[in-house]
Amino acid sequence: MKYQRDPKRIRDALGKKVQFLLGDMACVYGGMLAGCSFFAGYPITPASEVAEGAARLFPRIGATYIQMEDEIGSIAALIGAAWGGAKSMTATSGPGFSLMMENYGYAVMTETPCVIVNVQRTGPSTGQPTLGAQGDMMQCRWGTHGDIEALALAPSTVQECLDFTIEAFNLSEKYRNPACVMTDGEVGHLRERIIIPEEQDLEIIDRVPAIIDKKKFIPFMNSQTIKNCKIPDFPTFGTGYHTYVTGLTHNEKGFPATDKQPDHERLVKRITEKITNDASKLVMVEKLNLDDADIAFVTYGATARPAESAMEIGRKNRYKVGVLRLKLVWPFPEKEIVKLAKQVDKIIVPEMNLGQIVHPVREYAGGNCEVISAPKIGGEMHHPAEIYKYLEGK
Amino acid sequence: MEQITTADELNKKYLRDGMWPTIFCNGCGHGVVLEYTLWALEELGWDMDKTVFASGIGCSSRLPGYINADGLHTTHGRAIAFATGIKAADPDLNIIIFTGDGDCAGIGGNHFIHAARRNIDMTVIMINNFIYGMTGGQLAPTAPLGSIATTAPYGNIENPFDICNLACALGANYVARWCVTHPYQPIKSIKEGLQKKGFSLLEFLAPCPTAYGRRNKLGDIKKHWEWYDNNTILIEDYKKIMQYGTEEEKKELKHKFQIGVFQDLQKPGFFELYGNLVNRLQIKENEPKEGKK
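Read top to bottom, the protein sequences are chains A and B. The first sequence begins at 269 in our numbering and counts up by one. The second sequence begins at 1032 in our numbering and counts up by one.
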């Protein structure tokens, strides 16, 4: 029988409203609340607790958990499940994320919603499996071959692991594009107090289903039910639409059209523009003490925590410093950076990598202010003092 | 509904308009396997709204595109993993996978063995032509010893992969190998595989005159097709000869492919077992808990 989201059953399985919870586990909770009914994964540190949580809770709500043979199979199964009508998710870390890249692109090309939680650890390669990093931020944007737009959120707290997983499902369903929760080993393995949102406070978005006459339905073009919308209606398998889905360049009917330039351009422009055209709506940032700031930390994920502490120390020492925290990293909040660069003299970008998000920051700052990378690698978070010293110009 | 008696009627009912001509070369065996599958579906009377075809990359993987049904043309080797998700999301759907020797036994081997081991509810139709045809004739994992490919110009030195043997060892519910040159047994066998719970594998030996036959000097299309008749033997006959035959007869069998049904079991499929698990947990939760009033 097909899964039906049952709020009571989900809440019975989740338990108390206020909990002291692991970040990885909060991603499972978020998925369940969002209506996810299919989890496929493969064990990997520091993301295994997400799979373990799904293995324990998913069968209790009638959802499916399956441990696949590898991460390639995991994301493949997610995409299949999505076409079968499910909301689907997986969780992995760097090495698994690398393995997923081909089918991540397939999900983009076939406009398949699915959610990937990446509990980032250090790399390259096997790196430091138990330790956190933010080294996959660019991979998530550019790791698959070809032109794509990415949807990626970066939680800084356990509560945000839950909230952002729901948000990732909403974005993924709305835009019919895979969405990533780019958490890390620090937040993933952190325990904090969380509050499970009430049913009436949840915003749950579902893909727009194909409902029009089967003979008139065209599966890969602008919506036929919503005006001026580049996101096609979703013809779930088994509903009689007889849709052909391929990763080859396809025409609007979904059939291979691989030898003509305009076909490819039209398709790839539509599947990227459906996101870029909404860029102004797709901004999720937190601003702290920016009103009078002449120095700003631009930060995200775990690193936002020491960055905020560094800001507090800075304020005590009379630095006019603020924080711009990116909750949604991709699509990149270009206009926010353009505006900020015109206001401040200096932007400092602390990251647990050798400098990734600093690059788009520098691009959109456009020379209007100094942009400084504040990297730290090796599986340790920045100490606030290490970020603070950048205020002193050291 | 009127009874379908000719291939034309069959094609009209099951194939999409506007997809002709196919990508297949003259003498190719893929269209024949498609036809056998359609006959099996017709005889079973399955609802094509509830039948989904999945495939990977390669000539065989283009087959779902011709069928008027939902089709997922996925990445190279991964169709089985994709299809696992489809079946999980909607257990009412029938899943048929078209794949090739490179797609299934080569790059997709890992997904194949685990789906067979889990007894995932699907029918895998692997068309084995001993070659990577779409990319122009590179060495396949099923290629016989000594055979020539663009990437084995001096003859293959690797042991060929017996995918049926593998599937049997993994406990797949239904395992059969057939040859495109014999129509009747394969159609019957596809029907059996489709109706089977759990994992079923049908391997089809099929000629690829363009990329394999030409290089391996198997002659023209007619001769190439005859090669299959001369180089296959029914499992039952094989066993008889191995038991009662002369040394010479036994020696002659060495290079022949056995065809027929290798395994036919009745184990429950993965999703039946998973459904039982869900029910078990639900009954437990509905039980009155001790100490609570």
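FYI, nobody ran anything at the bench for these hints, they're computed from the structure. Wrong hints could be hidden among the right ones.
[Unchecked claim] Derived pair list, reagent style BS3-like, types lysine-lysine, alpha-carbon separation capped at 25 Å: (1) A:Lys595 - A:Lys607; (2) B:Lys1081 - A:Lys482; (3) A:Lys483 - B:Lys1043; (4) B:Lys1315 - A:Lys284; (5) B:Lys1081 - A:Lys521.
[What the hints assert, rightly or not] Chain B stretches covered by chain A per the calculated footprint, using a threshold of three residues with CB under 8 Å from any CB of chain A: (6) 1138–1147; (7) 1169–1180; (8) 1304–1312.
Beta carbons: idealized from backbone N, C-alpha and C, even for Gly.
Problem - Unsatisfied constraints (hint numbers, rising) - result: 7
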